[in-house]
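> Produce the complete structure using the sequences and hints provided.
If you're matching them up, the sequences are chains A, B and C in order.
All the letters of the first sequence, read from the start, carry residue numbers 1 to 642 under the numbering used here.
All the letters of the second sequence, read from the start, carry residue numbers 1 to 288 under the numbering used here.
All the letters of the third sequence, read from the start, carry residue numbers 1 to 185 under the numbering used here.
None of these hints come from the bench; they were simulated from the model.
Certain hints may be false.
Said to hold, decoys possible - Okay, derived cross-link-like pairs now, DSSO-like style, lysine-lysine, Cα gap no bigger than 30 Å in a straight line:
#1 A/Lys-602 with C/Lys-102
#2 A/Lys-93 with C/Lys-139
#3 A/Lys-421 with A/Lys-432
#4 C/Lys-102 with A/Lys-93
#5 A/Lys-614 with C/Lys-147
Claimed, not checked - Computed beta-carbon distance windows for the label pairs:
#6 C/Gln-108 with A/Pro-591: 39 to 45 Å
#7 C/Pro-113 with A/Asp-607: 26 to 32 Å
#8 B/Arg-107 with A/Arg-564: 29 to 35 Å
#9 A/Pro-621 with C/Gln-108: 26 to 32 Å
#10 A/Glu-480 with B/Asp-120: 39 to 45 Å
#11 C/Pro-113 with B/Arg-152: 28 to 34 Å
#12 C/Gln-108 with A/Arg-386: 30 to 36 Å
#13 B/Arg-107 with A/Pro-621: 47 to 53 Å
#14 A/Lys-165 with C/Asp-137: 53 to 59 Å
#15 B/Gln-112 with A/Lys-432: 28 to 34 Å
#16 A/Asn-19 with C/Ala-11: 57 to 63 Å
#17 B/Glu-15 with A/Ala-196: 52 to 58 Å
What the hints assert, rightly or not - Now the stretches of chain A that chain C is said to cover, found in silico as 3 or more residues with beta-carbon under 8 Å:
#18 264 to 270
#19 335 to 343
#20 361 to 368
#21 611 to 617
Model, not experiment: these values are computed from the prediction.
The beta carbon of each residue, even a glycine, is placed where N, CA and C say it ideally should be.
What follows is each chain in one-letter form.
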Amino acid sequence: MPRLADAVALANHRRELKNAARHARAPVTVCCGTGCRAKGAMEVFAALSDKVGASPLGERHEIRQSGCRGFCERGPMVIVGNEELHYEGVTPKHATQIVQETLGNGTVLKPLLYRDPVAKQMVERDPDIPFYANQMRLVLRNCGRADPRSLDDYIAEGSYGALAKALTTMYPEEIIETIEKAGLRGRGGAGFPTGAKWQMCRKAPGKPKYIICNADEGDPGAFMDRSVLEGDPHSVIEGMVIGAYAIGASEGYIYVRAEYPLAVENFTRALEQAASYGLLGEDILGSGFSFAMRVQLIGSFRQSLSHWLGDDSFDFNLRVSLGGGAFVCGEETALMASIEGRAGEPRPKPPFPAQEGLWGLPTNINNVETWATVPLIIERGADWYRGIGTESSKGTKIFSLVGKVKNTGLVEVPMGTTLRKIIFEIGGGTLKDRPFKAVQTGGPSGGCIPAEHLDTPVDYEKLQALGSMMGSGGMIVMDERTCMVDVARYFVTFLEGESCGKCLPCREGTQRIREILSRITQGKGELADIEQLEELCPVIRQTSLCGLGQTAPNPVLSTLRYFRDEYMEHIVEKRCRSGTCKALVNFIVLPEKCTGCMACLKVCPADAIQGALKQAHVIDPNHCDRCGSCFDCCRFDAIIVQ
Amino acid sequence: MIELTVDGIKVLAEEGMSLLEVVRGAGFEVPTLCNHPAVEPYGACRLCQLQVSRGNWSRLVASCIFPAQDGLVVSTRSEEVVRARRMLLGLLWSRCPSSTVIGDLARSYGLQRPPFPARDEACILCGLCVRFCRERVGAEAIGFQGRGPERRVGTPFDLPSEPCYSCRACAGICPIGTIHYEEVPGREAVRWYTAYEGDQQPLPRARVDTATCSGAGCAACLTVCPVGCIRLVAAPEKGEAQTVALVDRDACVGCRYCEKICLKNAMQMEPAQENPVTRATVKESIDG
Amino acid sequence: MSAQPSTIDLARISGILRRYRGQPSMLLNALQEIQSVYTCVPPGALYVVARELELPLSRVFNVVTFYAALSLVSRGRHQVRICVGTACHLRGAEKVLAAVSKTLGIRQGDITPDGELGLETVNCLGACALAPVFMLDSKYIAKASPKDIPGLFPDRRAEAALDQKVSQAQVGSSHGEEGSDAPTR
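What follows is the structure in structure tokens.
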């Protein structure tokens, strides 16, 4: 494909692609995101290609790959034909059936359909599945549709239309005004208005200017950045080029975790393709504007590295740089230190990155989701975008719905959607319909929100008022078998290890909180511990240097606020009702409920359960090592925590 | 010129100063361990917390890295400030229970004992030694190592560091006097470690032999001193308009730059009279 | 951590460093490339890196010890990475870690005596829907169940597990079944 000389050439190319698509074969799309691949999607793709290729059906059907569809729980997923039949849990063995029955005879394979756990019904078409039907997929619009290996797919879907519009019909100031008017706020955590940030960087003296895409998705439990980079790398590139034009930046970096090998692969390929089309590099679309990109990998996957390191063939100044993997590098100044080859320690702000950033020059940092939203706003206008969301938070937000929820996956909804709708309608409710206890939002430094606030419409301010935060959009569902003290201990342990160690309150404070919480979960807690936590947490929040430390006490404060009784139970009654804290748990069998099915006997690793078939079993507390395997496997609720 | 209100008193200051410089310059006491005029502000110990407000907006800031701004209302000992400093000192004291500097400071904030289980570390990780070695000595013989709870200061592999030429300024600038060293035979380097064992080694401080110093006629020492602790004073005993160099021994860190450059061998290194620790200690009694 | 620089192939390291000569900002790249060859950054290599990139040794040492991705001791030819992210934690990552640790006979952060396999934890693999998940080199093992793990590593070697086409755990998460929800302990 030759370079696209200008916006007209792009429009012509798009028209040709659309015309060709009208006569194209019906697609059979295999989701090839990380989740589906882990479950064997590539084998499914190979088997389907093999079967279709060998039959005359190949003339009417085309087997395609797509990026992550976000419904990873159900993978591998195959979407069949223009009617978009949704098949899930597909294995290579199903390939013959799919080809013969569905493609050949038009029969729907019932066992492969989605069964709605709420309505207890089969759903045939993909868009009708409540998981998708209740979403508003804007940023994720191309994820799971286009083939990440083909730029033409994205151009046919409309990609780079916003770039052409921006470069040919808009002044840089106009773009910034549009973003400001649209009310877009940073999707990485703090929710700072994106337009204002761009403006600050544009006005700052100094050249060259840099822009950075922060794809160091360090929040455990969040994977929207991975999914967007895998499934729609071009929207990120397009957003960045538009941003660079608006800000006046000439070079861009993407700082991405190497724990995401597929995202790195897809993104780097996308960069190469965009450059070969003239959508990146020198004189983009004949506008005279030039912009170069670099990929900064962080993490330590040798397999992925060996692939990238040997390759010097990138033109357009794309050089693979490597970083080291540290949660604190999500902080802007630490991230820049890491790109410069230093230890990722945050420095005081001001000066802000917009004034003195990378190599001391003006720099603008946004995260993946923010950049991917930019083309939408430019294409459809600020007023359209403003119409979505709440008073203070506009547009949609992607949440990664994980934990004890039926439909794990990525969910994009308008700001202001209630937690209940997200968890129970889209997510299908808690696993095994156990009572819901809390949802944790905002990553490790977010907070836990209890059931009584499920009807809260989600936006930046509302979450903050509940003692949590938006963060990058992690949403972790917890049920009655989750111990809230243990959850707080888990997050603080994470933050302690990820603190850079520079400033005293974060380094020493998180260690002390972790020590206190560990004591409580081991049954050695005292009432004075709660007092000490309540003195320590506000000081860490007020006096830490960067956002990591300032938000580190959130998991403790929010669980203390809503689940104080659980702390008290651990300290006073020496009991953990969820069956989590080993030192405080005794499992017993209720003889009246036990059917004597022997399931627990088989799973017990300590051989601590005695009993015969159809007779009530007994757990020997002296041999039991409190692993809880029996508690998990009992289908009759006959095992309880004493 | 900017105008601030500190504890009810109007303070005028030049633009571009940190809040700590302004508030201390106006004579208010603010404790700090990681700040030193010879190196760039760093913001690690967080002890220099002050409460700043403007209208309804009010918060605690680490004043060493907070730019002084026109119209700020500053409180140096509000309840918030004292509470935060007390907790920070509690964390520090629990980390380094053997340090008398930290202990004294913590007690002056009403703490009786380390509030958390003692950990017995020697170093508070303020980074003054690392930054001085990098910014003023230019050697980077020592550095930070590890991350989070593993963070420490040391030489690579804990071996005598190649760029070290035993100026020992690191020991001189350490606010709690925890840096020890041994001479490495046959080399101009020291073996470096932090510990509280034994007595604090007497640290060298520069002293001028006024008889040999040629004063303004040379003044080389003034130009090399990284902390700017040398000035010229009149020496009428040597004749009219004659001057000699004078070292502010409280500010001297004993780096020996002046000794090396002095052509007359007029700079002599002498052990400090008192423990250097007391020099850096900022005592502040809040209840007395 | 070894205090003495070990024997290293200087020619090979010099070859790697040629591209980064005199570019202090490429420190992380240089170190990661060396690590990809030696499965660690050999302590002796730090001296060469410092000289070639014109950096003080203490700064190189600072970076090597700061980032989790870099290590001064070998991490094994193959790596098992257990995800201990939040979703995996709630669904029993600690049990998986314990099972792998028991099967391989090594603790987290260690390598097997023959240097074949290293065991590490990672904060999140971004595959939360597959929780609890772990990786063997670049292969994902989804919805890992502690009782499947001994079968994955016969003779405590990586090859057998890597050879299996579709991960073991896929069998456990067959169609229509709700995910495992073992709470953490």
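> Which earlier hints can't be squared with this structure?
4, 12, 14, 15, 17, 18, 20, 21
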